[in-house]
Amino acid sequence: MLPQFDIIQPRSLDEACEALTKYQSAGVVVLAGGTDLLVDMRKPLIPEHLPRCKGCDPRTGTAPRKVNKPPSYLIALSRIPEMSGIAVSEPGEISIGAMTTITDLCQSRIIREKLTALAQGADNLGSPLVRNRGTIGGNICNARPAADTFIPAVALGAKLELRSQRGLRLIPAQDFAVGPGKTVREEDEILTKIIFPVSADRTGSSCIKLANRKALEIAVVSAASLLTLDIKGKISSARIALGAVAPTPILTPKAAAFLSGKDPSDANFLKAGEIAVSECHPISDHRGSLDYRREMVSVLVSRSLAAAFASIIV
Amino acid sequence: MKKIIALNVNEIPYELAVEPNRSLADVLRYDLGLTGTKKGCGIGDCGVCTVLMGGKPVFSCLVLAVEAQDHDILTIEGVAKGPELHPIQKAFVEKGAIQCGFCTPGMVLNALALLNKNADPTEHDIRLALSGSLCRCTGYQKIVEAVKTAADMMKRSGIIEEEAE
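Those protein sequence lines, which keep their order, are chains A and B.
Read in this note's numbering, the first sequence has 50 at position 50, and its numbers run on one by one without any break.
Adding 314 to a residue's 1-based position in the second sequence gives its number in this note's numbering.
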C-alpha cells in the first residue's frame, strides 16, 4: 500500500513551479514516471527482498532510498505537454524534455544517430515496462550511481535546465549529483530539460553496461565514452563517464587527457582503461566486489572507446 | 481526498472516485472486479500486473489510477473477443505455455503489444518483449514458442490488429 497523499496534476510548468513552492512546507515530491518513486514510497512487502532498503550499509555508500517521511503532496508532471519530446532546439543542440520516456529515447532516430551512448544507456534500463513509464528526468533526478541514462548524459556533456519560481539555471550533468540519491537540485526546482551538445563531425559515442542479468538489473559497472577525431584521424578529444564505481556518476579526466592527440588504436584504448581504474572508487556489494569492479572498469572503458570509434561515420 | 476520474477499460468507459494513492492495479481489481490483472511484487519487477495503456505495456502497480485518466486501458479480460480466445491465448494453451497461470495475463499482454507492432518477431524480439515478466514454472521456452506460434496463426488468419492507440 502507498501512504496517503494528495496529488496535484498541473497543466503547465508555471503551475507546477507554483505548486512546488506553495506546498513546500507540507512535504512535497515531484512525480515523473513513478517507476522509482512509487517503489520507494510503498512499504516493502517483503523487506529482506529489498537490499537497497534493509541490508544497505552506509559505509558502502548505497544509502537506503526509502522516503523517510511520506510526502503530503505529489506533483505529477505527466500533463505538461511541453515537458516531453525531443527537439533540435538550436543548431548544434538536442533538447530532451525531462518527461520524455525511456522508450521514446530508444525509438528516436536522431538520438540513436547523434547521441548513440544515450540510446544505448536507455536500451539497458529496466525492462520494456519500466521504459514505457520511466523518464530521463526521473532517472537523472534519482541520481543513483548507476543510473542508465545519467552516465551517458555525463559522457556526452549534457546540461540540465532547472526551473523554479526564482528563475532558471543550467547545471552541467557531471556536477548535478553530490551523493547517492542526492543532487544540487533545490526543493523548489524542477528539472525541465536535458540539453545535449550535438557532436561535431568525426564524433562517436557508446555506452556499455555490465550487469548480472540482461533486464531489470542495476549495473555492476557501466562506462560511456565520447570520442572526437581530428582531420588527420587522431583523437582530438575524449570524455569517459563511469557508473556504479563511485557515489555518483564520474568522469575520468586523466584517461581522457591521455587519449588526446593519440591514435585511436586498441593499445591506446586499453591504456586509457587502465588509467581510468585509478580514477574510480568502487565498493564491494552483492553485485560485485571492489576488485572485480576495478578489473571491469578497465575492460569496459577500452571496449566503449573502441565502440565509440567504430560508430564514427567518416 | 478522492478524485473523480474517467477511465476507458477494455473499451468500456467508467467514471470512478478514487483516492490519489491507489494504484491502477488496485482499482482494476477491487473497484472494477477485473481480477485477471494480478498483483505480485508491487515494485515493478515481476510483470504479473501488466496492462496495456495506450497500447504500451506498463506495470499497473506502478501507475497511480489518477494518472491513468484519459488513457485507454486493456486488461487480460479485454483480449478475447466474446467466447472466442485470442490466437495468443490459444497458442499458450496449445503449446503448454501455461502452468500455474499466475504470469499468464502479463505474458499474453506483453506478447500482444509486441505482435501489434511487429507481426514477424525473431526469438530475440520475443525474449526482449517478455523480459519484464517473470515465470517460475515454464522456463520460458514454451512461452516463447507460443508467441511464435501465435504470430504465425495471426498472420495466416490476417488478424494482425492495428496498434491499439
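Be careful, since some hints might not be right.
[Said to hold, decoys possible] Straight-line alpha carbon distances no greater than 30 angstroms define the calculated DSSO-like cross-link-like pairs of lysine-lysine that follow:
#1 A:K232 with A:K214
#2 A:K214 with A:K114
#3 B:K431 with A:K114
#4 A:K232 with A:K271
#5 A:K214 with A:K234
#6 B:K456 with B:K409
#7 B:K409 with B:K431
#8 A:K114 with A:K234
#9 B:K317 with B:K353
#10 A:K214 with B:K316
#11 A:K262 with A:K234
#12 A:K214 with B:K462
#13 A:K22 with B:K316
#14 A:K254 with A:K22
#15 B:K456 with B:K353
#16 A:K22 with A:K114
#17 B:K353 with A:K214
#18 A:K254 with A:K182
#19 A:K262 with A:K114
#20 A:K214 with B:K456
#21 B:K395 with B:K469
#22 B:K353 with A:K69
#23 B:K456 with B:K469
#24 A:K69 with B:K462
#25 B:K431 with B:K462
#26 B:K316 with B:K395
#27 B:K317 with A:K22
#28 B:K316 with A:K69
#29 B:K469 with B:K409
#30 B:K431 with B:K456
#31 B:K404 with B:K462
#32 B:K395 with B:K409
#33 A:K214 with B:K409
For the record, the hints were derived by calculation from the structure and aren't laboratory data.
Determine which of the earlier numbered hints do not hold for this structure and return their numbers in increasing order.
-> Hints 1, 5, 10, 14, 16, 24 and 26 are the ones this structure does not satisfy, whereas the remaining hints hold.
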